[in-house]
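2 protein chains.
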Amino acid sequence: MGHILIVDDEADIRALLRYNLEKEGYTTDEAEHGEMALARIAIKKPDLIILDVMMPVMDGIQTCEHIKSNLETKDIIICFLTARAEDYSQIAGLDAGGDDYIAKPIRPKVLISRINALIRRNRTVSRLVTDEKPQGDLIIDRETHLVHVKGISHQLPRKEFELLSLLASKPNMVFKREVILSNVWGTDVIVGDRTIDVHIRKLREKIGDSYIQTIKGVGYKFYSK
Amino acid sequence: MGHILIVDDEADIRALLRYNLEKEGYTTDEAEHGEMALARIAIKKPDLIILDVMMPVMDGIQTCEHIKSNLETKDIIICFLTARAEDYSQIAGLDAGGDDYIAKPIRPKVLISRINALIRRNRTVSRLVTDEKPQGDLIIDRETHLVHVKGISHQLPRKEFELLSLLASKPNMVFKREVILSNVWGTDVIVGDRTIDVHIRKLREKIGDSYIQTIKGVGYKFYSK
DNA sequence: TTTTTTTCTTAAAAATTTGTTAATCTTTAG
DNA sequence: CTAAAGATTAACAAATTTTTAAGAAAAAAA
Chain A
1 MGHILIVDDE ADIRALLRYN LEKEGYTTDE AEHGEMALAR IAIKKPDLII
51 LDVMMPVMDG IQTCEHIKSN LETKDIIICF LTARAEDYSQ IAGLDAGGDD
101 YIAKPIRPKV LISRINALIR RNRTVSRLVT DEKPQGDLII DRETHLVHVK
151 GISHQLPRKE FELLSLLASK PNMVFKREVI LSNVWGTDVI VGDRTIDVHI
201 RKLREKIGDS YIQTIKGVGY KFYSK
Chain B
1 MGHILIVDDE ADIRALLRYN LEKEGYTTDE AEHGEMALAR IAIKKPDLII
51 LDVMMPVMDG IQTCEHIKSN LETKDIIICF LTARAEDYSQ IAGLDAGGDD
101 YIAKPIRPKV LISRINALIR RNRTVSRLVT DEKPQGDLII DRETHLVHVK
151 GISHQLPRKE FELLSLLASK PNMVFKREVI LSNVWGTDVI VGDRTIDVHI
201 RKLREKIGDS YIQTIKGVGY KFYSK
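Chains A and B supply the protein sequences, listed in that same order.
No gaps in the numbering here: position 204 of the first sequence is 204 in my numbering, and each next residue is one more.
No gaps in the numbering here: position 138 of the second sequence is 138 in my numbering, and each next residue is one more.
It should be emphasised that the hints constitute simulated quantities derived from the structure, not laboratory data.
Hints may be right or wrong, so weigh each one.
Treat identical chains as interchangeable: a pair holds within one or across any two.
Derived lysine-lysine pairs resembling PhoX-like cross-links, with alpha carbons at most 25 Å apart [to be verified]:
1. Lys159 - Lys176
2. Lys109 - Lys176
3. Lys104 - Lys159
4. Lys176 - Lys104
5. Lys68 - Lys159
6. Lys202 - Lys44
7. Lys170 - Lys104
8. Lys104 - Lys216
9. Lys216 - Lys159
10. Lys202 - Lys109
11. Lys23 - Lys68
12. Lys221 - Lys206
13. Lys44 - Lys221
14. Lys68 - Lys104
15. Lys221 - Lys150
Given only the sequences and the hints, what does the whole structure look like? Please build it.
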């Protein structure tokens, strides 16, 4: 079902987490600090890692960066454990590539549902079909990053895929550039408006002109019906 | 002025949102997860809900579907809180009916202006849809930037759209040219009075002559009933 | 590493919207 | 009934916005 690695320097916390996760049906493994975590990963690659931010030897953020920079391990979900007050590290953690964070003190029920959600999310094979379609169907398959248009499949790069997903999430709704930017690129990245246009063009090259409409002076929309 | 329900499992984020929204003059309410949100709605129906997508117990999408499938609550504006691109794709195509997306990390200023816009827009739209049916129906849809007249949809350029929106926002009220100018063009731009006339003409070309009336020596009005 | 792919930037071309002018038409006051 | 003021219209000019293409930078893959 799922294998989880718990990384924390406190044995009590490891035990608490381990107990609750195993009760839920996960298999678990432990590590006291970052280096040890890397060693454990090499032995058995987990589906998710619970990583304490504050640790001696190698802290959680460094560890996360290590994991995310390795091709073999970068798809492992990382969930940070942070003390409530230090919200700096929360942000830093997410920037380092963490997928979620849980604040101490740990509430077992919250922890479990959060972990379940994270694992479920990554596993969801929600392949979705846009209900009404202009001419022929367009299928967006998030698992394979493939888009099928009139029987032809296209492998889309990440940005193009995210952009199309956003537009198609609400057919006919106009997305202003600022909304596209903050949702596809994030609020911290600075890219020009033309960048969006270029990606739109590449999308249109692949899936055809009929799906994405330009509303001059406003933004773009995914046309449907 | 407006009542907003904040749904997120993290107390910190709720507090951040609450603080900023209340400073802006909104009343707020909180819920930790979907089920709790439904309970809060039953007590006091909000005008808008800020809904985190990733939540334990009942996630944002399920919650949104619940709300949108209930006649009593389906007109509540829903604004998703998404954790930027990668996580975003899970909403893709689900057509859960959200009205807008705000990406984390949250920038209070962006948030506020977006919320203001959503609430303002929903006010005018709902008024139009309910009271105003001149001869045949005219529907102004800000979301799709489309105007529907007797079954025909027109994609209006921005200025024309804004102009029509303004006039239709208060049917039968005469708008003086100076008022139109300052609302549609702004106070800093200098354009002649004839410019308005030309835009009026283009509007009439598209939606027909029956909606916009000229009051000589005064201005224009959107005729209703 | 080197190679390939993806992403971002730039600038010119194209398209469309927006604004101006002037001739013409309408209304209204005298 | 006529003149003056105001509004409409069409043609055109200007400004804005988007598309396109080409290439640099960055990231991923080999």
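Okay, the hints, checked on the actual structure:
1. Lys159 - Lys176: both (17 Å within a copy, 16 Å between copies)
2. Lys109 - Lys176: Between copies only: 17 Å across chains, 33 Å inside a chain, cut-off 25 Å.
3. Lys104 - Lys159: between (32 Å within a copy, 17 Å between copies)
4. Lys176 - Lys104: So lysine 176 and lysine 104 pass the 25 Å test across copies only (17 Å; inside, 38 Å).
5. Lys68 - Lys159: within (19 Å within a copy, 30 Å between copies)
6. Lys202 - Lys44: Answer is neither: 40 Å inside a copy and 47 Å across each miss the 25 Å cutoff.
7. Lys170 - Lys104: between (36 Å within a copy, 19 Å between copies)
8. Lys104 - Lys216: Classified as neither: same-chain Cα gap 48 Å, cross-chain 27 Å, threshold 25 Å.
9. Lys216 - Lys159: Answer is both: 22 Å inside a copy and 11 Å across each meet the 25 Å cutoff.
10. Lys202 - Lys109: Close neither inside one copy (36 Å) nor across copies (32 Å); limit 25 Å.
11. Lys23 - Lys68: neither (29 Å within a copy, 36 Å between copies)
12. Lys221 - Lys206: Cα proximity of lysine 221 and lysine 206: in one copy and across copies (17 Å, 21 Å).
13. Lys44 - Lys221: neither (37 Å within a copy, 34 Å between copies)
14. Lys68 - Lys104: both (24 Å within a copy, 21 Å between copies)
15. Lys221 - Lys150: both (20 Å within a copy, 23 Å between copies)
In summary, the structure is inconsistent with hints 6, 8, 10, 11 and 13 from the numbered list given earlier, while agreeing with the others.
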